[in-house]
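Work out the full structure: start from the sequences and follow the hints.
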Amino acid sequence: MKNAPQPNTQKRAKPDAIWLAGPGMAFVAALLIVPALALILLSFRDPSTGVFELTIYRKMFSAGIYVQTLANTFVIAIQVTIVCLLVGYVVAAWLTVMPEKRRRLAIWLVLLPIWISPLLKNFAWIVLLARKGIVAQILTGMGYEGEINLLFGRGAVIFGMAHALLPIAILTMLPTMLGIDRRLMSASQTLGATKSQAFWRVFLPLSMPGVTAAGLLVFIIAIGFFITPALLGSPRETMIGQLMIRQVQQFFNMRLAGALATLLLVVTLAVVFVYDRIFGLSAVSGEATQKRSAARSRGIGNMVLGAGAAVTELLGRFGLGNLGPRALSITAMTVVTLLIIPVIAFPPMAFSGSSFLEFPPKSFSTQWFERYLTTPQWTGSTLRSFAIAFATGILATLLAGLAAYGIARTKTRLGSVTFMLFLLPMIIPNIVIAVALFYIFAEVGLVATNMGIALGHALTALPIVFVIMLTTFKGYDWRLGDAAATLGASKMQQIRFVMLPLIRGGAISAFLFGLLHSFDELTIALFVGAGVKRTLPTKMWDDILLSVSPTLAAASVVIILLVTLLFVIAERARPK
Amino acid sequence: MSNRSAGAHKLVVQNLAKFYGDVVALDHVTLEVREGELMTLLGPSGSGKTTLLQLIAGLVDVSVGSVIIDGEDCTTTPINSRDIGVVFQNYALFPHMTVAENVGFPLLMRKIPAQDIAKRVSEVLEMVGLSHADARFPQQLSGGQQQRVALARCLVYKPAIILMDEPFGALDAKLRETMQVEIKRIHRESGTFMIFVTHDQEEALALSDRICLMEAGRIAQIGTPQEMYDRPQNRFTADFIGRSTIFDGQVHNGAVETALGALTLPDDAHPAEGSKGCIVVRPEDIKLGQGAYCGMIVETVFNGAEQRVMLSAGGIDVTATAPARGNAFTVGEEVKFGWNTRDARYVPND
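Those protein sequences? They're chains A and B, same order as listed. Per my numbering, residue 1 is the first one in the first sequence, and the count goes up by one each step. Per my numbering, residue 1 is the first one in the second sequence, and the count goes up by one each step.
These are calculated hints, taken from the structure and not from any lab test. Note that the Cβ used here is the ideal one computed from N, Cα and C, for glycine as well. Fair warning: there could be bad hints in the mix.
[What the hints assert, rightly or not] Which chain A residues face chain B? A few, computed with CB under 8 Å, are given here:
1) D477
2) R479
3) A483
4) T486
5) G488
6) V498
7) L502
8) G505
So, in structure tokens, the structure goes:
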């Protein structure tokens with residue numbers, strides 16, 4: 001803050017606060033940028049001579065399976081994105097019109113599933129949607145004849161992925177919608193618009209920045225997905241992520257894995273680039289910007305909006321107009337219930353007396369918890385997960401906290417570059433990060449170590465932890481420090497008596513979210529742990545692929561309980 | 001205590017300047033403030049008044065010049081070692097501390113024993129009339145109460161100077177008046193020397209012992225409120241302090257040639273032939289219904305005791321005041337007006 005030019009030279013200029021972001025930037029560079037570049041380079045160079053060549057790509061594009069999988073991946077990701085946007089829009093709009101108090105409660109129901117890993121959520125659907133599962137029984141009971149095959153198909157994969165990603169879509173759209181001045185709708189009505197015209201012509205266009213941001217995030221995460229297609233899909237739904245796992249874990253073919261990662265990366269960056277040109281990236285971080293769209297796309301947009309308004313208008317004339325609000329809340333409540341189902345379905349399954357997973361259970365017993373608590377593999381991986389999560393939380397909070405302080409205080413223009421760098425781990429698919437880390441960690445002996453996993457988790461936890469810390473420091477009134485100084489407080493005293501007490505809540509929340517992120521993270525733990533150091537999620541993943549037992553449900557209950565508890569604490573401490 | 005004799009300069013600002021890149025926020029200002037004085041830094045936004053205050057407080061670094069407090073050069077002294085108190089624009093009360101803890105904070109920093117802190121805090125809270133609120137948190141107080149806590153937090157450690165940055169900006173008009181009277185009382189009782197930043201000229205006229213009027217990073221004029229009102233030395237001061245009618249023109253043959261015609265120079269003004277300047281007349285000195293000039297009534301504003309009548313004469317806006325009772329002015333009406341030459345001021349154009 002005191003870096004103005006000083007012709008007086010009585011005091012030497014202090015270094016700008018942005019340097020505090022240095023450690024975090026070095027961390028991102030060392031664990032993300034360098035490994036990713038090394039992996040890309042690997043795919044382009046002949047391993048023995050080091051000459052630039054494209055054999056691996058030629059091989060990849062000539063083999064039908066890779067092209068097929070690539071096409072599959074993008075089609076599935078697009079389908080999932082569309083479902084998430086349509087369904088998510090309904091839920092977000094429903095949350096927007098809700099009274100403040102009820103909304104806060106409802107948002108919690110959407111937020112909580114974010115912290116429960118797709119692994120658990122999909123696992124729940126395996127049981128619930130099984131051939132003799134509860135959904136099939138209900139359908140049969142309703143008189144449905146014929147074979148019920150809900151699992152292992154395109155439908156199940158899209159449902160499972162959309163279910164896992166929907167909370168993210170909803171929460172990305174919500175701030176924009178909440179930011180729309182409701183009086184604009186009233187204003188348009190005083191100017192002669194009907195209710196549906198007010199929605200189509202005013203609300204919908206204003207909510208679009210949130211929709212596009214949600215679309216970007218969902219698509220990027222979806223193309224790196226491997227859990228859902230592996231658990232809920234058939235071989236025909238194989239996605240790139242699965243191929244990467246197979247190349248690394250079965251064939252040890254790092255070059256091919258690197259080529260696949262490069263492909264994913266190129267697509268991701270291309271999508272992000274196009275998005276940034278059209279909408280501006282800052283919309284993703286919640287800071288809505290109004291980048292003027294080209295006149296032509298505007299004209300098309302207006303036609304679509306006009307058509308939408310006309311159709312709803314027509315429906316209204318047939319007396320269906322009042323259906324809107326009620327249909328909205330019924331749909332939204334159904335969706336929110338679906339989101340929370342895995343959380344409530346596990347406890348009954350875990351206390352089942354049966355020796356196989358079933359819902360609803362027919363008898364009660366605690367045998368599966370006993371099994372969980374007395375199996376060293378389970379308890380060992382649980383403790384390991386805890387230790388790694390704890391280390392992750394500390395490391396990520398320190399790095400992100402320093403950087404957030406630096407960005408909040410800097411007078412240079414480096415702030416936005418630093419900001420983007422810290423959000424980078426969110427934009428690059430997790431599976432790419434995991435493979436890159438595996439590759440580089442293998443060189444330095446960090447594969448199959450707890451520290452390696454914690455470092456990787458700290459990297460992927462960085463964006464969320466950073467955003468919370470930045471919000472915390474942005475919400476802190478820096479004049480309070482100045483005020484304390486005029487009252488006689490030294491730099492250390494300003495920090496101790498004024499700043500720390502006021503940012504404590506944010507820091508605790510950031511730490512806990514970092515911890516939560518690590519606790520049920522699967523992808524990085526799977527690669528870096530390399531089957532040797534098993535965390536709780538990797539242990540579950542291996543077990544689900546081998547044989548599904550009720551012990552898994554018991555483990556899931558443990559995870560869900562812990563996650564819910566920590567989530568509530570973190571959410572309460574988080575600065576708004 | 002030799003340098004604390006009566007009339008000694010409590011604060012001296014010498015040739016002080018602040019640059020932000022190419023922008024000159026404060027342009028080599030020199031200012032001396034006397035013991036016990038309540039001085040206002042007045043000016044439009046961007047005039048450099050807040051920069052001057054921040055430089056005195058040490059909140060921003062000085063580019064050129066020096067700040068001398070109580071005979072001691074403080075130009076590079078860290079904020080926390082300067083003997084000053086600042087009441088911030090938004091009060092900057094610590095939200096996680098009670099009123100008593102806020103007020104006790106500077107004493108805690110000075111390592112004063114706890115029982116002494118408690119005693120001095122309750123004394124000061126009594127002085128500002130907030131004894132009952134000591135256990136409350138800032139956000140539970142009204143704007144006026146927060147303002148008083150901020151002031152108490154400065155008074156409690158008796159700094160050499162208290163600096164206030166637009167302290168009434170967030171208060172409504174009625175509360176503002178109450179707080180102005182309150183500040184005058186506290187200033188009298190505590191004997192503390194205060195510097196006050198404001199953009200509100202009425203507030204400056206009502207509060208200050210002296211006003212330092214600033215424009216574009218420089219001092220336009222320093223003086224008592226009476227001097228500033230009666231004897232503005234330049235067009236900016238004449239225009240900014242109070243209302244006035246300004247006739248711009250050029251000096252010719254002992255008069256100023258303006259759009260209204262040749263206006264006689266007041267006796268005390270002897271500008272050079274051909275120099276540019278203006279004749280300034282305060283509204284209360286303009287007499288309506290008589291005089292050598294004629295204008296059309298554009299608007300009338302009822303003010304309670306009096307009414308303000310705005311005329312247009314020769315393309316110049318003329319403002320006059322007349323008693324509200326017994327005078328009926330109709331918009332669009334032509335009316336004669338004039339003034340006594342000794343009530344007018346000649347001010348050179350800058």
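Looking back at the hints listed earlier, which ones does the structure fail to meet? 8
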